[in-house]
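Residue numbers (numbering that gives the first Met the number 0), protein chains in the order written: chain A, 0 to 274; chain B, 0 to 281.
These are computed hints drawn from the structure, not numbers from a lab. Check before you lean on any hint, since a few could be wrong.
[Stated by the list, open to error] Which stretches of chain A does chain B cover? Using the computed rule of at least three CB atoms under 8 angstroms from a CB of chain B, they are:
| hint | region |
| --- | --- |
| 1 | 104-110 |
| 2 | 181-193 |
| 3 | 259-270 |
[As the list claims (entries may be wrong)] Chain B is nowhere near these chain A residues, computed Cβ spacing over 10 angstroms in every case:
| hint | residue |
| --- | --- |
| 4 | Glu55 |
| 5 | Phe99 |
| 6 | Ser178 |
Every residue, glycine too, gets a C-beta built ideally from N, C-alpha and C.
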Amino acid sequence: MASEGRGLEFYALAAFFALFVLFLYGPLSTILILSFQGPGGGLTFPMNGVSTRWFENLFEQQAVGDFGGSFARSLALGVMTTLTTVAVSLCAGLAFRRRFLGSTALFYLTVASLVVPSILVSLGIGLAFQVAGVQPAWWTSAFGAHLTWTLPFGVLIMFAVFNRFSPAYEEAARDLGASNWQTFVHVVLPIIAPSLVGVGLFGFTLSYDEFARTLMTAGSFNTLPLEIYGMTTNVTTPVLYALGAVTTLVSFTAIAAALVAMSAIARRRKTLKPV
Amino acid sequence: MIARLAPYLQAAPLALILGAFLLLPLAAIVAVSFWDYDSVQIYPDFITLNYVEALGSWVTWKTYLNTLKFVAIVWAITTVVGFLVAYFLAFHVRSATMQMVLFLICTVPFLTSNIIRMISWVPFLGRNGLLNTTLVELGIVPAPLEFLLFSEFAVVLAMVHLYVLFMVTPIFNSLMRIDRALIEAARDAGANGWQTLTNVVIPLAKPGIAIGSIFVVTLVLGDFVTVRFMSGGQSASVGLMIANQISLLQYPAAAANAVALLALVLLMVAAMLRIVDIRKEL
């Protein structure tokens, strides 16, 4: 298909792809632009001058509710979820390399965690806590709710990684006299490190932006997505877009950090000399 | 001994977390769906009234029908768009680096906030939005179109925007695994481009389409945020109905509806899993 000159099919599909990218990024860029709306401007174009008024507005506590607090909670929850997701997914990935009793059931339970609607997870955890007489809080019930969303991604990624992992490296290490632990730390871990960074990226961004599963599980203090959702009903100024711009920037930073880490690992591997 | 125990110890954290935060909560939903309630509290009981009320109501069936309509439309659009995008990336982009970069460009929005991505349609589709202003200025329509925002059209548009990546990724994965020799063989055997596509490429892309469908169908079935926000309260879905009952503290009623939705979701996923063995496709 792509072996000779570019045909009509290529140009048609390329145009379609360009439209698709525009569809993905167009709306996002309009709110990035509108977040710099002038002090008198509204929620739509035209721009009424250019200012950073709405970003300043964001940091005045009383104006938009508890932006600082919810932001801090979301970041903390994101980090907790990331670390747990990476550790638990790695362990589960290792477990799935061997046959064990109940492995199929656990695999399908993981898939179920992915397909059960978020609102049901939210309702279920909320009810379970209520029945047990425990107050829900963002660092207990919401933390668990986020894990039911991030773990399936992490486990399925690790599953794919170990499907392609050649046991020859481990056998070689063992032949050279390495213990199980040494083999894991010095052979397996460095090889799968980029994938672990990927799992961590999924863990953080999915948790940081999670809304539906947090709805009934966050307890008395909002996470950032809950705060943003609350704002959509009562805030009619571009401060909403400023918040959108800031939180999108956080997501982009996480993505960029993960990509830099992955390429740093790859570069380091290239420069390693055999001892 | 330790070697035999190892996989159990390694799988234990995952099993414990999913047990505590997925199985137990689902059990709680099933239990509470038989409870009684009034405007203040819920009471342990064993009544089937919640189911009778939920399934006996004409509104419930209409809501299910409306939800399935969203599922069908969004599934059809994301499958076609997802396939075309994945096909372009897999077969028309020649360098592996370019492939990676373009794929990453498709993935990045998926890692940002869904709510912000929904809000971002407002300045575009609104009454005084970019699209309406342009259409009116160009003289294509005499007055701003009202149906663009806060309508079922907006719900479908936002859902496609939010969920299409779930289709692109697995189809792209399937297409990348197709042995290019098969396509050459098809052409050598006299197949034209269209025949190669329908007889070779699409059948081999089926596992990817099935996995993408599982994602899209379950996400749309359970969705309530997109329907609530993008329809401006003018449309209904099962998820939204449950969310509304939750906000009215009618937990047993919400739980009965949740059990029905869960049964529907699991049935549809089981049907799709017959087409594809996920463990082999990863």
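Hints, one by one, checked against the model:
no.: 1; hint: 104-110; verdict: holds (count 5)
no.: 2; hint: 181-193; verdict: violated (count 0)
no.: 3; hint: 259-270; verdict: violated (count 0)
no.: 4; hint: Glu55; verdict: holds, 20 angstroms
no.: 5; hint: Phe99; verdict: violated, 4 angstroms
no.: 6; hint: Ser178; verdict: holds, 13 angstroms
Of the hints listed earlier, those the structure fails to meet are numbers 2, 3, 5, in rising order.
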